[in-house]
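Here is what each chain is made of, one letter per residue.
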Amino acid sequence: MNDLDYLKLTGFSKLGYKLKKFFTGIPGRLAGALKGLGLWFVKLFRGIGSALADLGSTFVHGDWKTKLSYLVMGFGSCARGQWGRGILFFLFQTVFNLYMVNFGVAYLGKLNTLGTIETYREGRKTVYGDNSFFILLYGVLTLFFVLAFLYTWYMNVKQNRVSEQILKSGKKLKSTKDDLKSLMDEQFHKTLLALPTLGVTVFTILPIFFMILVAFTNFDATHQPPSKLFTWVGWDNFRQLLSSDNASYGNTFSQVLLWTLIWAFFATFLNYFLGMLVAIMINKKGIKLKKMWRTILVMTIAIPQFVSLLYVSKMFAADGLINSFLMRLGWISTPLPFWTDPVWARVTVIVINVWIGIPYLMLIATGILMNIPADLYESARIDGANAFQMYKKITLPYMLFVTGPYLLTSFTGNINNFNVIFLLSGGKPLSLELSGNAGYTDLLITWLYKMTVSDTNYKLAAVMGILVFLVCAVINLIVYNMIPSVKNEEDFQ
Amino acid sequence: MASVSLQHIKKVYDNKVEVVHDFNLEIKDKEFVVFVGPSGCGKSTTLRMIAGLEDITGGTLKINDRVVNDVEPKDRDIAMVFQNYALYPHISVYENMAFPLRLRKMDKEEIHRRVCEAADILGITEYLARKPKALSGGQRQRVAIGRAIVRDPAVFLMDEPLSNLDAKLRNQMRAEIILLRKRIDTTFIYVTHDQTEAMTLGDRIVIMKDGYIQQVGTPQEVFDTPKNLFVAGFIGSPQMNFLQAKLVKKGQGEYAVNVQGITVPVEKKHAQVLEQKGIRDMDITLGVRPEHTTVRFDNPENAIESTITVNEMMGSELHLHVVTAAGDNVILRLPTVDLNDATRASLAAGNKLFFNFPGKVMHLFDNESTDSLVFG
Amino acid sequence: MSKKNEIPEVDIVIDEQKGVIREVKQPNLRSKAGHERRVNTGIYILLVLISVIWLAPFVFLVFQSFRSYATEDGGMVAYLLPKQWSLDNYRWLFNDPKSNFLRWYGNTLLIALFCAVIQTVMVLSVSYTLSRLRFKGRKLIMNVVLVLGMFPGFLTMITLYFLLKQLGLTQQGAIPGLILIYVASSGMGYYISKGFFDTIPKSLDESARIDGATRFQVFLKIIMPLAKPIVIYTILMAFMAPWGDYVFASYVAFGSEPNYNVAVGLYRWVNVNDYQGYFTRFCAGGVLVAVPITALFLALQKYYVEGVTGGAVKG
Numbered sequence: 001m002n003d004l005d006y007l008k009l010t011g012f013s014k015l016g017y018k019l020k021k022f023f024t025g026i027p028g029r030l031a032g033a034l035k036g037l038g039l040w041f042v043k044l045f046r047g048i049g050s051a052l053a054d055l056g057s058t059f060v061h062g063d064w065k066t067k068l069s070y071l072v073m074g075f076g077s078c079a080r081g082q083w084g085r086g087i088l089f090f091l092f093q094t095v096f097n098l099y100m101v102n103f104g105v106a107y108l109g110k111l112n113t114l115g116t117i118e119t120y121r122e123g124r125k126t127v128y129g130d131n132s133f134f135i136l137l138y139g140v141l142t143l144f145f146v147l148a149f150l151y152t153w154y155m156n157v158k159q160n161r162v163s164e165q166i167l168k169s170g171k172k173l174k175s176t177k178d179d180l181k182s183l184m185d186e187q188f189h190k191t192l193l194a195l196p197t198l199g200v201t202v203f204t205i206l207p208i209f210f211m212i213l214v215a216f217t218n219f220d221a222t223h224q225p226p227s228k229l230f231t232w233v234g235w236d237n238f239r240q241l242l243s244s245d246n247a248s249y250g251n252t253f254s255q256v257l258l259w260t261l262i263w264a265f266f267a268t269f270l271n272y273f274l275g276m277l278v279a280i281m282i283n284k285k286g287i288k289l290k291k292m293w294r295t296i297l298v299m300t301i302a303i304p305q306f307v308s309l310l311y312v313s314k315m316f317a318a319d320g321l322i323n324s325f326l327m328r329l330g331w332i333s334t335p336l337p338f339w340t341d342p343v344w345a346r347v348t349v350i351v352i353n354v355w356i357g358i359p360y361l362m363l364i365a366t367g368i369l370m371n372i373p374a375d376l377y378e379s380a381r382i383d384g385a386n387a388f389q390m391y392k393k394i395t396l397p398y399m400l401f402v403t404g405p406y407l408l409t410s411f412t413g414n415i416n417n418f419n420v421i422f423l424l425s426g427g428k429p430l431s432l433e434l435s436g437n438a439g440y441t442d443l444l445i446t447w448l449y450k451m452t453v454s455d456t457n458y459k460l461a462a463v464m465g466i467l468v469f470l471v472c473a474v475i476n477l478i479v480y481n482m483i484p485s486v487k488n489e490e491d492f493q
Numbered sequence: 001m002a003s004v005s006l007q008h009i010k011k012v013y014d015n016k017v018e019v020v021h022d023f024n025l026e027i028k029d030k031e032f033v034v035f036v037g038p039s040g041c042g043k044s045t046t047l048r049m050i051a052g053l054e055d056i057t058g059g060t061l062k063i064n065d066r067v068v069n070d071v072e073p074k075d076r077d078i079a080m081v082f083q084n085y086a087l088y089p090h091i092s093v094y095e096n097m098a099f100p101l102r103l104r105k106m107d108k109e110e111i112h113r114r115v116c117e118a119a120d121i122l123g124i125t126e127y128l129a130r131k132p133k134a135l136s137g138g139q140r141q142r143v144a145i146g147r148a149i150v151r152d153p154a155v156f157l158m159d160e161p162l163s164n165l166d167a168k169l170r171n172q173m174r175a176e177i178i179l180l181r182k183r184i185d186t187t188f189i190y191v192t193h194d195q196t197e198a199m200t201l202g203d204r205i206v207i208m209k210d211g212y213i214q215q216v217g218t219p220q221e222v223f224d225t226p227k228n229l230f231v232a233g234f235i236g237s238p239q240m241n242f243l244q245a246k247l248v249k250k251g252q253g254e255y256a257v258n259v260q261g262i263t264v265p266v267e268k269k270h271a272q273v274l275e276q277k278g279i280r281d282m283d284i285t286l287g288v289r290p291e292h293t294t295v296r297f298d299n300p301e302n303a304i305e306s307t308i309t310v311n312e313m314m315g316s317e318l319h320l321h322v323v324t325a326a327g328d329n330v331i332l333r334l335p336t337v338d339l340n341d342a343t344r345a346s347l348a349a350g351n352k353l354f355f356n357f358p359g360k361v362m363h364l365f366d367n368e369s370t371d372s373l374v375f376g
Numbered sequence: 001m002s003k004k005n006e007i008p009e010v011d012i013v014i015d016e017q018k019g020v021i022r023e024v025k026q027p028n029l030r031s032k033a034g035h036e037r038r039v040n041t042g043i044y045i046l047l048v049l050i051s052v053i054w055l056a057p058f059v060f061l062v063f064q065s066f067r068s069y070a071t072e073d074g075g076m077v078a079y080l081l082p083k084q085w086s087l088d089n090y091r092w093l094f095n096d097p098k099s100n101f102l103r104w105y106g107n108t109l110l111i112a113l114f115c116a117v118i119q120t121v122m123v124l125s126v127s128y129t130l131s132r133l134r135f136k137g138r139k140l141i142m143n144v145v146l147v148l149g150m151f152p153g154f155l156t157m158i159t160l161y162f163l164l165k166q167l168g169l170t171q172q173g174a175i176p177g178l179i180l181i182y183v184a185s186s187g188m189g190y191y192i193s194k195g196f197f198d199t200i201p202k203s204l205d206e207s208a209r210i211d212g213a214t215r216f217q218v219f220l221k222i223i224m225p226l227a228k229p230i231v232i233y234t235i236l237m238a239f240m241a242p243w244g245d246y247v248f249a250s251y252v253a254f255g256s257e258p259n260y261n262v263a264v265g266l267y268r269w270v271n272v273n274d275y276q277g278y279f280t281r282f283c284a285g286g287v288l289v290a291v292p293i294t295a296l297f298l299a300l301q302k303y304y305v306e307g308v309t310g311g312a313v314k315g
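Residue numbers (my numbering), protein chains in the order written: chain A, 1 to 493; chain B, 1 to 376; chain C, 1 to 315.
Think of the hints as simulated: they come from the structure by calculation, not from any bench. Using N, Cα and C, we set each Cβ at its ideal position, and we do this for glycine too. Among the clues, some could well be false.
[Unchecked claim] Within a straight-line C-alpha distance of at most 25 Å, the following computed DMTMM-like cross-link-like pairs (lysine to aspartate or glutamate) qualify: (1) B:30 - B:126; (2) A:190 - A:178; (3) B:249 - B:152; (4) B:131 - C:306; (5) C:165 - A:455; (6) A:190 - B:152; (7) A:181 - B:14; (8) B:269 - B:298; (9) C:221 - A:455; (10) B:250 - B:267; (11) A:190 - C:306; (12) A:172 - B:267; (13) A:43 - B:65.
[Said to hold, decoys possible] Among the chain C residues that face chain A by a calculated CB cut under 10 Å, a handful are: (14) 34; (15) 66; (16) 70; (17) 156; (18) 158; (19) 221; (20) 224; (21) 225.
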């Protein structure tokens, strides 16, 4: 189909064509992403390969200072007068060695079994054996540390080679003072990123890595250190969560996943369109007190959610304000099952989420509406468009274009929208139909929370976390590249 | 006071796209050099490499015989004026101009003296207390220039400084830059896409396209002796007319051009060059500048017949867009001062017109290489 | 922009087919104005309705917090206006030895203040670096953060808990512990301020660098003064977030009541303790938390709006 054929289509078949193109394109986009990942790994391994080659040739061609640096980190730097760098290298090596000897090696050695010595009681005294949790945690930490050490060691060698070359070409090396100065200038990014990178590595990357490993162990309520050991079980947990025989969570998982997607869809798009509508109303010419309306709506953003959502959740309870009010009026005789009937509960959380969500969208839409060039509307009016046509042909496409990335992040954000569900319904109503303590309004993320906190079923929580990640990643991969305004970030600059 | 030397300068983005290829240029002390070319020709990239804002992929850049490839911009002793002025919006004009001096920890008295002096030269003394937002475009550009001259830099870089101004202001600022240059007398490198700016400002013009230098020369040289079709078309307004023609060798050191049914002999001097190159009969592109054509109302021998399509009144002259019998579009220039009403009336669109040109104004270009057969 | 049902405003149009200028009947101006007025009235009615829905829960909350604990029940009742207005609940929060409210409030305020400072520094560092500086690995960092962001936040909760426990920062040490985990990964939330930095013309940095500034000086003297709105936005967000966090706070402080934050304390009153007895106290506590936060938020609303709209548009 060429462009002209496409333009001849009616609106409906245009949509059909686009949808078809979207769905037939999914495998291609996923394949493209996988290929990109593959290429990245190829590049990584090539990089490691060339680093190894560098190590070899530097050793062969380097002078004795360089050669000694292979053993004693920072020696070359110190010997060439770069004391600052040299001492840092040396300190790092010392700390690493001490850590490994006293600590690291022991944990690494047990990583393959996660501990074998059981804890037992000797009379009234408990004799603690291995602690699988700490073996895994410190094992991972040690692995990270080893990688960091290898990298630093490589940098130390490379440093020597570069210094030798600089000296050979007759130039002077940077002094420690120059190094410190460059941290405020050429190397300023290192200064700024040092702390955040450390924080993210220790408090995000390390824990995520750890939990991914937990998904392959039997760490749960019955295998709880320090009294019990846990160990590797391979893909068992994935099987348990995904397969649909009786003892497994497969049925529940698919129900919860489906509801999560439905929830994310409504929470995103209902809020989006209603918020836009409210913004259009408030910003209409001739409407007074614009600022006041906006401020009233913004109240739900300002007030901490645990206050507002908890209160509203109680308002809708069986003995809450709304039910007792309606009963007093005589409109109903039994309380409406806001939190006890699955369908009622689901609708209620979506509706209350509108109350929370509209203000954000109203603000965003207001900002964008102001940016739509007025002459677009003027020319449309001269062409004879009415209000609805202008909305359909100008406002909506413009909004969708600029907020494309926002819609995507907001969709994945809603998949992980813990607060609203947790504070409103807590996942209730529960049911015997659902296993693993899940309720009808539970999202994957609130279910994950329950598994962690109430059931201490860490292994399944870990599997679930990985699956949530996969869901988000797949959605992002499919949609991300279709959004026109994200294609090139530099375009904005 | 400095010379700038660019030797085999190269710029490659992302290991892929080469945007500047083997750029060689020696800029003498106190010279005013203009880089000119269409957008994307690499002129700004080259300037930014001189400034140190872009890494140099290959080659050697020297300022005053010092290799500065890896020197930070602040240590190159250069100043730069940006297209969008790049004034710091949160501080006053005075502080904007004092900023580079304060960073150099200059004495307060001296800073004050220099800022006032520069403001005086540029006529912005009364705006010193204002924020940049309160100034007009022209005033902002003056402040930007002022911020550059207070430092008394060795090299003065200007990146399309007049592009954001309207036409009238642009002409005025152009004249002011010429005056300014006389006063501060240092090395200037000026980037523009506007050939008029290039012609009026530059001691030498560097014409670029697709990352290659097309020609370097004084304004007169590039106008009179363009080395190739691109330079010929780029310099001069309205643009040079190009016609398909045949170069014919008439005898020893004698050539003529057959074009649109007329034959024009090539000037002796040029013919000798052709002879030396051993050129025989060949198809060429003939270039003739609009101002070098002669409009004929009679029907003389050896004139090309054409039909007027558009008649543009420019005030002191008319630009006549005509189409020849062979279907080529040509622009002719005609001074209005000697025209009487009857002649004017005869220049309406649709009327017939003849024009010709002498041999000495002809530019001959090789159809394949697009290089000039005579110059270069 | 106007959304009214438009009537052509031109009264003379050129009819191309006939090649004549013909007059179009100018619609009755009075009916046009009337239509406009009806639309606006409709919108006003809707807006008032929306406002009522939006404000009602908060008004109710305030009413109930003033209900007398002594003469009326402390639980939920079927009427709105207290029969007897009193400060019982507030008095209890402040004076009763059983109430840890002031302690919780202080804890939360302390956490919020620390976060406001440290998190802002982290976020601005990362976003400035990724927006203005070019270095090897920049794209990699952005991609890694994107991927990490797709993992659900609570996945790592137990790991974080045990990490903190090793450092002695749980239960009694919950407050520094919470500050640490709130702040540690906060650099990942750089998107919005990066979007803002991206809009500041690059030539300002370049000009300053030619003028003799180091990148640090550019950051401090040029970009930061221009980034005031986003700095305020970042501080506001960092300050507000700890007030609402229940999950991490309850996990880290578990069992150590004096180290709760307000969210944990109040949540436990209504959901774990006997909520019929604590409901009005919860309301009073909620009011005490909401009022200053809301006031702060409304005062700085301008910056918030700038932040969210900028962020949404830039992605």
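Here is what the structure says about each hint:
1. At most 25 Å may separate the alpha-carbon atoms for a hinted pair to count; residue 30 of chain B and residue 126 of chain B exceed this at roughly 31 Å.
2. Restraint check: the Cα-Cα separation between residue 190 of chain A and residue 178 of chain A comes to about 15 Å, which is no more than 25 Å; the hinted pair holds.
3. Of the pairs offered as hints, the one joining residue 249 of chain B and residue 152 of chain B is violated, with about 58 Å between alpha carbons and a cut-off of 25 Å exceeded.
4. Using a Cα cut-off of 25 Å, the hinted pair residue 131 of chain B and residue 306 of chain C holds, with the two alpha carbons roughly 23 Å apart.
5. Pair hint residue 165 of chain C plus residue 455 of chain A holds up; C-alpha atoms about 20 Å apart against a cutoff of 25 Å.
6. The straight-line distance between the Cα atoms of residue 190 of chain A and residue 152 of chain B is roughly 34 Å, outside the 25 Å bound, and the hint therefore fails.
7. As the CA atoms of residue 181 of chain A and residue 14 of chain B are separated by approximately 28 Å, the hinted pair breaks the 25 Å bound.
8. Taking the CA atoms of residue 269 of chain B and residue 298 of chain B, the gap is near 31 Å; set against the 25 Å cutoff, the hint is violated.
9. For the proposed pair residue 221 of chain C and residue 455 of chain A, the alpha carbon gap of about 53 Å is over 25 Å, so the pair is violated.
10. Straight-line distance between C-alpha atoms of residue 250 of chain B and residue 267 of chain B comes to about 12 Å, which keeps the hinted pair within the 25 Å bound.
11. Under the criterion of a C-alpha separation no larger than 25 Å, the hint pairing residue 190 of chain A with residue 306 of chain C is inconsistent with the structure, at around 29 Å.
12. With a CA separation close to 61 Å, the supplied pair residue 172 of chain A and residue 267 of chain B exceeds the 25 Å bound.
13. For the suggested pair residue 43 of chain A and residue 65 of chain B, the alpha carbons sit about 41 Å apart, so the restraint of at most 25 Å is broken.
14. Taken as an interface hint, residue 34 of chain C does not check out: its beta carbon lies about 13 Å from the nearest beta carbon of chain A, beyond 10 Å.
15. Evaluation of the residue 66 of chain C hint against chain A yields a violated restraint, the C-beta minimum of about 15 Å exceeding 10 Å.
16. For residue 70 of chain C, the interface hint is violated, since its Cβ never comes within 10 Å of a Cβ in chain A; the closest pair sits about 21 Å apart.
17. Taken as an interface hint, residue 156 of chain C checks out: its beta carbon lies about 3 Å from the nearest beta carbon of chain A, inside 10 Å.
18. With a cut of 10 Å, the hint placing residue 158 of chain C at the interface with chain A holds, because the nearest CB-to-CB distance is about 6 Å.
19. Because the smallest distance between the Cβ of residue 221 of chain C and any Cβ of chain A comes to about 13 Å, over 10 Å, the interface hint for this residue is violated.
20. The beta carbon of residue 224 of chain C is not positioned within 10 Å of any beta carbon in chain A (closest approach about 13 Å), and the interface hint is therefore violated.
21. Against a cut-off of 10 Å between C-beta atoms, the interface hint on residue 225 of chain C is violated, since the closest Cβ of chain A lies about 18 Å away.
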